[in-house]
Amino acid sequence: MEKDGCASDLEKFLIALSEDSNLRNEYQENPKAAMEKAGLTHDEQVMVLRGDTKGIQEAIGKDVESLITIIIHINNK
Amino acid sequence: MSGFLSCVGTGMNLAGQISVISKSYIQNADIVFTHTPHEMTTNWLQQLNPNTVNLHQYYSDGKHRMQTYEDMAEAMLVEVRKGKKVCGAFYGHPGIFACVPHMAIKQAKKEGFKAVMEPGISAEACLYADLAIDPGEVGVQAFESTQFFFFDHMPNTASYVLLWQIGLIGEATGRTLSTSKDSIRAFIDYLSQWYSNEHEVILYEAAVLPIETFRAEKIALNQLDKAQLNMKTTMVIPPARELELNTELLASLGLSKDTIFNRD
Chain A
2 MEKDGCASDL EKFLIALSED SNLRNEYQEN PKAAMEKAGL THDEQVMVLR
52 GDTKGIQEAI GKDVESLITI IIHINNK
Chain B
129 MSGFLSCVGT GMNLAGQISV ISKSYIQNAD IVFTHTPHEM TTNWLQQLNP
179 NTVNLHQYYS DGKHRMQTYE DMAEAMLVEV RKGKKVCGAF YGHPGIFACV
229 PHMAIKQAKK EGFKAVMEPG ISAEACLYAD LAIDPGEVGV QAFESTQFFF
279 FDHMPNTASY VLLWQIGLIG EATGRTLSTS KDSIRAFIDY LSQWYSNEHE
329 VILYEAAVLP IETFRAEKIA LNQLDKAQLN MKTTMVIPPA RELELNTELL
379 ASLGLSKDTI FNRD
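Chains A and B are the protein sequences, given in the same order. In this note's numbering, each number is its position in the first sequence, counted from 1, plus 1. In this note's numbering, each number is its position in the second sequence, counted from 1, plus 128.
Hints are computed from structural coordinates only; laboratory data are not their basis. All C-beta atoms in this analysis are idealised placements derived from N, C-alpha and C, irrespective of residue type, glycine included. Check the hints yourself; a few may be wrong.
[Claimed, not checked] Label pairs and their computed distance ranges (CB to CB):
#1 B/Thr387 x A/Arg25: 26 to 36 Å
#2 A/Arg25 x B/Gln195: 40 to 50 Å
#3 A/Gln29 x B/Leu259: 18 to 28 Å
[What the hints assert, rightly or not] Capping the alpha-carbon separation at 27 Å, the derived lysine-lysine pairs in BS3-like fashion look like this:
#4 B/Lys238 x B/Lys151
#5 B/Lys346 x A/Lys55
#6 B/Lys242 x A/Lys55
#7 B/Lys237 x B/Lys151
#8 B/Lys213 x B/Lys151
#9 B/Lys346 x B/Lys385
#10 B/Lys354 x B/Lys385
#11 B/Lys346 x B/Lys309
#12 B/Lys151 x A/Lys13
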């Protein structure tokens, strides 16, 4: 991350997990240890392990699943 | 003309799939407009450049999608006309299934401004990695699903066929983001011209968070109306037949099957 901003430990961890191959390897080998090291709470660790994106959304206060596609639609033809 | 527009791709999976040059365009812009799969990516972009505006604000219920896209492009162009360095940061690849960057760049150039597009890792790029498909092996055709359905495209059944936005199949109003069981069943019937009902297809979704795994659900074609179809679902139709050599053409070139496959 370039700047600290106001991201939570959970958000920082998820961003780092997408950027850092060493962390990704550590997480894949021992997810609990990687999350402990990143300072995640027990509840956050459970959400991550479950892939609970709704719980993560609530935890970080952001809409994690608001996927909206810019569509090339037939009406555009 | 000092205004400048860059449209860059952020990749599919949060922060880790963006290119170095795309990240630089974001960091060096006077203002960034974003269109990303979730707010976490937008927040990350705001950390790269605090002056970031979310284009999602232009969506509204009942508004025609083309009007939304024109409004998004115009929002970026207004800032370009002020002489600013503007960056549009779009998830995936900014030129694939994304009309706004194309529209904005075309208009900016028409008005005499410099405008560039930087590629990003698209859902299609992820698909090849996740499903271990090499498009060079037997070839790939790709269509927007409803366009494939309505515009008489012909699939090459010896190659892979990728049908994007299967979750919107038959949606013709431009005002909703869903399909219907009737449309899906009609599409199954349509595909039965070329594929058996039991032909195995793959419902694919790229991961957009590093804790997610991609979706690769294999189903029989005739089970499509019972499957979960989302906005981001792509249907992959594997080949239904082997590639066939054009022996007549080969002969006209003085070639044969033996000569083209000979390793000696």
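> Are there hints from earlier that the structure breaks, and if so, what are their numbers?
Replying inline: 1, 6, 9 and 10
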